Amino acid sequence: MELTTTSYALLGLLALRPWTTYELANQVQRSLRNLWPVAERQLYEQPKTLVAHRLATARRERTGDRPRTVYRITPKGRRVLSAWLRDPHGGLELRSELLLKVFFAEHTDRSTLLEHVATLRSRARSARDAEVGVYDATRDAGFPFPDRRHLSALVARLGFELQEAIDRWADWAEHEIAGWSDDLALPDDATELLERVYVRSAERPARRARPRLTPDMQRVVLEQRLGFVATTGPDGLPNVSPKGTTTVWDDRRLLFADIASPRTVANLATNPHVVVNVVDPIVRKGYRFRGTATVHTCGRMFERGLEKLRERGSTTPRERIRSLVVIDVTDVDELVSPAYDTGATEEEVTRRWLEHHGALHG
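Sequential numbering from 1063 applies to the sequence shown in my numbering.
Keep in mind that the hints were calculated from the coordinates and are not lab data. All values derive from a computational prediction rather than experimental measurement. Among the clues, some could well be false.
Pair by pair, the computed Cβ-Cβ distance ranges are [to be verified]:
#1 Asp-1149 - His-1212: 18 to 24 angstroms
#2 Ser-1303 - Pro-1273: 55 to 61 angstroms
#3 Ala-1240 - Glu-1409: 51 to 57 angstroms
Just so it is clear, CB atoms sit at the ideal spot from N, CA and C, and this is done for glycine as well.
Make a model of the complete structure from these sequences and hints.
If you want it as structure tokens, here you go:
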């Protein structure tokens, strides 16, 4: 049997440590399922192929009364793996049964097509949450291969970017499909649509790198705790709501709790794009954060978010928190009051507004 990409994937795992077939199968599911999915049948056949090519050895052992076979990479296996890793051959494939159904959707109807698009978005978000859950569990238990954390981060980042791209695509697709007939007949603007997708996409400038939340951005958010969150409803009308639980998740994300935010959460269900303004009302400086929001009602992300709120001093009872909203920040603007345009110092602006609020509340 010839070596396949799956053969080399298993050889790469054997280069880390010896494995039984059962352990290999579990490790593939844990670390390769979103990178190189492998059918269960292959997981039990491929190690034998490696042995046949003298790239691995198989040794029968016993654990109590149970026999097991332990596979180890050979020196030849390491040489072959090294040669394969240096070969630039290979590409990026996208395989999705649901996307195939979208491609042939003219044989269904608009509601079915919309359902498939929504499912693609939901599964992309679930995959992202699952990956975060695996990371949390691995971090808590101790990384099994700590010297490989930087390489894991490279691949994981691309996976998250693809999941976010599916999320954005689903928003765009639903907007386009909304104007189509129930039988998905060719719309009048089909040519224009193709033009927008192919020609304008080719002309689109490279996407700006996702910003990191600097220490000063994080300081302002953590100190103020109040963010004004702007969303847009399906009717196109804006909604702005103050969120007193606004805090920092990490250097790329913000978080707030849904305690009394029915309109905000309802808007995010149809349009995840959000703007959050956090401003120091005394110094008259702050930041505007733009991004996409994901609502969590349970699971690892929900539990982690509750922990973060408690760490930041929140005393809101758990039963009052209906969901948590995590915002992936895609753009940040600094906000500075025009009061500084006249040459005023921060000390002068601070004194002026302290006096103002003192007069209001004194």
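Status of the hints after comparison with the structure:
1. Asp-1149 - His-1212: 18 to 24 angstroms: Since the Cβ atoms of Asp-1149 and His-1212 sit about 22 angstroms apart, the hinted range of 18 to 24 angstroms holds.
2. Ser-1303 - Pro-1273: 55 to 61 angstroms: violated, 24 angstroms
3. Ala-1240 - Glu-1409: 51 to 57 angstroms: holds, 53 angstroms
Checked against the numbered hints above, the structure violates only hint 2.
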